[in-house]
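There are 2 protein chains.
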Amino acid sequence: MTETAPRPTLEAVAARAGVSRATVSRVVNGGDGVRESLVERVRQAVDELGYVPNQAARSLVTKRHDAIAVVIAEPETRVFADPFFAMQLRGISKELTAHDSQLVLLLTEGRADHARVGRYLAGGHVDGALVFSLHLDDPLPGLIQRAGVPTVFGGRPCWSEGTRASGPTVYVDCDNRGGAREAVRHLVGLGRTRIAHITGALDQTSAVDRLDGFRDVMVDVDPRLIVESDFTPGGGERAMRELLDNCPDVDAVFAANDLTAYGAMKVLREEGLRVPEDVAVIGFDDMLPVAEQTEPPLTTVRQDIEEMGRLMARLLLRGLDRRSVRDGIGGAPSSVILPTTLIHRASA
Amino acid sequence: MTETAPRPTLEAVAARAGVSRATVSRVVNGGDGVRESLVERVRQAVDELGYVPNQAARSLVTKRHDAIAVVIAEPETRVFADPFFAMQLRGISKELTAHDSQLVLLLTEGRADHARVGRYLAGGHVDGALVFSLHLDDPLPGLIQRAGVPTVFGGRPCWSEGTRASGPTVYVDCDNRGGAREAVRHLVGLGRTRIAHITGALDQTSAVDRLDGFRDVMVDVDPRLIVESDFTPGGGERAMRELLDNCPDVDAVFAANDLTAYGAMKVLREEGLRVPEDVAVIGFDDMLPVAEQTEPPLTTVRQDIEEMGRLMARLLLRGLDRRSVRDGIGGAPSSVILPTTLIHRASA
Numbered sequence: 001m002t003e004t005a006p007r008p009t010l011e012a013v014a015a016r017a018g019v020s021r022a023t024v025s026r027v028v029n030g031g032d033g034v035r036e037s038l039v040e041r042v043r044q045a046v047d048e049l050g051y052v053p054n055q056a057a058r059s060l061v062t063k064r065h066d067a068i069a070v071v072i073a074e075p076e077t078r079v080f081a082d083p084f085f086a087m088q089l090r091g092i093s094k095e096l097t098a099h100d101s102q103l104v105l106l107l108t109e110g111r112a113d114h115a116r117v118g119r120y121l122a123g124g125h126v127d128g129a130l131v132f133s134l135h136l137d138d139p140l141p142g143l144i145q146r147a148g149v150p151t152v153f154g155g156r157p158c159w160s161e162g163t164r165a166s167g168p169t170v171y172v173d174c175d176n177r178g179g180a181r182e183a184v185r186h187l188v189g190l191g192r193t194r195i196a197h198i199t200g201a202l203d204q205t206s207a208v209d210r211l212d213g214f215r216d217v218m219v220d221v222d223p224r225l226i227v228e229s230d231f232t233p234g235g236g237e238r239a240m241r242e243l244l245d246n247c248p249d250v251d252a253v254f255a256a257n258d259l260t261a262y263g264a265m266k267v268l269r270e271e272g273l274r275v276p277e278d279v280a281v282i283g284f285d286d287m288l289p290v291a292e293q294t295e296p297p298l299t300t301v302r303q304d305i306e307e308m309g310r311l312m313a314r315l316l317l318r319g320l321d322r323r324s325v326r327d328g329i330g331g332a333p334s335s336v337i338l339p340t341t342l343i344h345r346a347s348a
Numbered sequence: 001m002t003e004t005a006p007r008p009t010l011e012a013v014a015a016r017a018g019v020s021r022a023t024v025s026r027v028v029n030g031g032d033g034v035r036e037s038l039v040e041r042v043r044q045a046v047d048e049l050g051y052v053p054n055q056a057a058r059s060l061v062t063k064r065h066d067a068i069a070v071v072i073a074e075p076e077t078r079v080f081a082d083p084f085f086a087m088q089l090r091g092i093s094k095e096l097t098a099h100d101s102q103l104v105l106l107l108t109e110g111r112a113d114h115a116r117v118g119r120y121l122a123g124g125h126v127d128g129a130l131v132f133s134l135h136l137d138d139p140l141p142g143l144i145q146r147a148g149v150p151t152v153f154g155g156r157p158c159w160s161e162g163t164r165a166s167g168p169t170v171y172v173d174c175d176n177r178g179g180a181r182e183a184v185r186h187l188v189g190l191g192r193t194r195i196a197h198i199t200g201a202l203d204q205t206s207a208v209d210r211l212d213g214f215r216d217v218m219v220d221v222d223p224r225l226i227v228e229s230d231f232t233p234g235g236g237e238r239a240m241r242e243l244l245d246n247c248p249d250v251d252a253v254f255a256a257n258d259l260t261a262y263g264a265m266k267v268l269r270e271e272g273l274r275v276p277e278d279v280a281v282i283g284f285d286d287m288l289p290v291a292e293q294t295e296p297p298l299t300t301v302r303q304d305i306e307e308m309g310r311l312m313a314r315l316l317l318r319g320l321d322r323r324s325v326r327d328g329i330g331g332a333p334s335s336v337i338l339p340t341t342l343i344h345r346a347s348a
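Residue numbers (full-length UniProt numbering), protein chains in the order written: chain A, 1 to 348; chain B, 1 to 348.
In short, the hints are calculated from the structure, not lab data. All C-beta atoms, glycine included, are put in the ideal place defined by N, C-alpha and C. One or more of the hints may lead you astray.
[Stated by the list, open to error] Calculated cross-link-like contacts (lysine-lysine; reagent style DSBU-like; alpha-carbon spacing at most 35 Å):
1) B/94 with A/94
2) A/266 with B/266
3) B/94 with A/266
[Stated by the list, open to error] Residues of chain A clear of chain B, computed beta-carbon distances all greater than 10 Å:
4) 43
5) 111
6) 186
7) 223
8) 249
9) 344
[Said to hold, decoys possible] Pulled from the structure, derived: some chain B residues nowhere near chain A, Cβ distances all over 10 Å:
10) 16
11) 40
12) 296
Model the full structure from these sequences, guided by the hints.
The structure is reproduced here in C-alpha cells:
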C-alpha cells in the first residue's frame, strides 16, 4: 500500500492562519458567522497545507455527504452483462455530476450480500439511494427503511408483506403495460393469430405488467403460448425452443425485452424460420446497438432508459434539497411514469 | 422518496435491554469488557428493534467501515464499454465478498471529477482504495495521498513530479514488456519482416511497457510502423488505416490489446486483406469472448485480469489487517508482477 505522509490537522491549519480551531472548523463547515477576511485566511491555509476535513466528523455537523448510493439488486456479473444497467447509470451519472454529487455504486455477488449493503446505507456514508431491479421478497426495501436513507426506486417496487415502507414510495418507471398492449395490437393488426409471449422474470413488476398488457389484448389465449423467462438472451433461446416444441404454428412473438428477442431470433434462424415472414418478433427497451443489429433489425417498444436514470437522480436530489430547506413548498416528490413508443423496424 | 419511520435510537435499545447507554455503545462497538449475559440482552434488544448503529459516529470509534473503494480513472462510459474493467471488478468483488467487505465503486464522468473522488476518499467512508487505469498527470495519486487512505494500484502507476506518493507504492501488474517481446518474437519466427505496432494510450505505463517490449525485438524499426492509439476498437481501426496508407507492405501487426486488434482486423477485412496470410495479427489481454470470436480467432498475450483484481483486493485487506494488529510481522505487502502467456489461435 501507499504509506502516506501524516495528514495535515485542523490545528496545523489554525496555526498557519493565526486563528482558533473553532474558526477553522466553522469555515470548513460553511463559514457561517465568520468574517470574510478570516474565511479567506483559513481557505489559503487549507490550500497551502492540502488540508482535507475528516468527513466522518464533519458529516456529523453538516449531515450532508454530497454522495448518492446506487444499488442494483442483481449480481455484479449481470450488472456488467446487461447494457440496460449501463444506460441507466449513464443518466444517473450525468445528473449527479451536474450537481457535484459522487455516484457510489454498491456492487454485490447476490442477494446474500444485501444485508451488508443495508449496513453501508445505514452507516451515514451517503445522502440518499437510488435502487433498481428489485425482485419480489428482496430484503433490500426493509433494510433501506431501517437505514432511514431517502430513496428513489427505478421501476415500481414489488412490496411483499413485512418489507413495505411505511411512507409514500417514489419511483420512476415506464408504462410497461401500455407499451406491451401497443406491441401486441400491432401483431394482431398484421393478421397474426398465434401470438406468443416470452415473459421477463416474473418476480419483477416490469415483467408482470408486460404480461398483463399482453393478456389485455390476447384474452383467452392458449396458455402454452406464454412461456416464462428471465430477461436474458439465453433465457430467450430456451423459451423459443419450448414454444416451437409445443406450438409449431406460432406466427408471432412478443418478447419481454430486446435481449430475450435476440435469443429467440437466434433459435428461429437456426430452425430455418424467417423473421418476419414465418414468425414476427417484437422486443421491449429499444436497447442500442442490440435492436439495430439483429437480423432483421428489431421492432420494439422504446423506453428512455437513460432519461429514467436522470429523473431518478433529479427526484432524489430535489427531495434532499426540500428536506434541508424544510419549506415544504410543493410537498414530497411524486412517482413518474414515462410513456413508451413502438419503434417500427423490419422484424414485425 | 420513501418517507421512513424514525430510526430506533441507542436510548431505546438501552431501555429495552435494561442497561445504560454506555453499555449498549460498548456492545455495538465490539463488546469489550461487557459481561456475556449483558451482551446477549443488548443483542436481543438490537434485533427486536431493528437498531442500526450510526456508522458515522461508530466509525470514529472503531476506525473500520468494512468497505473498500474502487476507483477506475476512466469516464463511466469507458468503464462499461471495455470488458477489461468488468473482469477486474469480478476478481475484486469475489475477494471482498469473501471477507464481507462492501465494494464501493466511485464512478465519474472524467478527470474533472477526481477532486470529488478525493474528497469522498478523505471523508472516512472506506477502509482503503483500489485504483486502476491511472494516466500520466492524473491528480488522483496526489489526492489519495492527501486523503491518507491505504491504497493498492492496478498497473504500475506513472508518477509525475508533484504527484508521487511519499512512501512505497504497492501495485499489481502483469509483465507487459516480457509479454510484448514474446508476441513480436513469434511474428519474427513466422518470417514476417514488416512488423507494425499499434500502441495503447501512451500516458499509461502498460502501453509504454508494451512498446518497449516491441522495440526490444525490433531494433531500428521503420518509425512509420509504430502508430499511436488508445486501447479502443475505433482507435485500432484508425491506426490500421494509417498503417496501410503509409506502409502498404506491412505483413504483421502487434496490437496493444485485443480491442485494438479487433478494430484493426475489421479494416483488414474491409480492404480485402487476409489474416494471417497477408497480415498476421496478435493482440494482448486474451479478453473473452472477444479473442475467440474474431475471424479468425485471435492469437494473443494472456494476462489473468480477474486474478489481478483478486490479488489487489487481497493485498489491500492483508495490509489493513496488519495495520490494525500492528504486529509488523512480514513487513508491508509488496507489489506483484504476474507472468503472461502467448495463446496460439489462428490470426498469427
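Taking the hints in turn, this is what the structure says about them:
1. For a cut-off of 35 Å, the pair hint linking residue 94 of chain B to residue 94 of chain A stands: about 29 Å separates their Cα positions.
2. Among the hinted pairs, residue 266 of chain A with residue 266 of chain B is consistent with the structure: their alpha-carbon atoms are about 23 Å apart, no more than 35 Å.
3. Distance check on the hinted pair: residue 94 of chain B and residue 266 of chain A sit about 32 Å apart at the alpha-carbon level, within 35 Å; holds.
4. Residue-level check passed: residue 43 of chain A sits 15 Å from the nearest beta carbon of chain B, beyond 10 Å.
5. Interface exclusion of residue 111 of chain A from chain B stands, the closest Cβ pair being 12 Å apart, more than 10 Å.
6. No beta-carbon of chain B comes within 10 Å of the beta-carbon of residue 186 of chain A; the shortest separation is about 32 Å.
7. The claim that residue 223 of chain A is not at the interface with chain B holds, since no C-beta of that chain comes within 10 Å of its own (minimum 37 Å).
8. Here residue 249 of chain A stays apart from chain B, with its beta-carbon at least about 35 Å from theirs, past the 10 Å limit.
9. The Cβ of residue 344 of chain A sits about 28 Å from the closest Cβ of chain B, beyond the 10 Å cut-off, so the non-interface label holds.
10. Distance check for residue 16 of chain B against chain A: the nearest CB is about 16 Å away, which clears 10 Å, and the non-interface claim stands.
11. No Cβ of chain A approaches the Cβ of residue 40 of chain B within 10 Å, the least distance being about 21 Å, so the stated non-interface status holds.
12. Its beta-carbon lying about 22 Å from the closest one in chain A, residue 296 of chain B satisfies the requirement of being farther than 10 Å from that chain.
In summary, the structure agrees with every hint in the numbered list given earlier.
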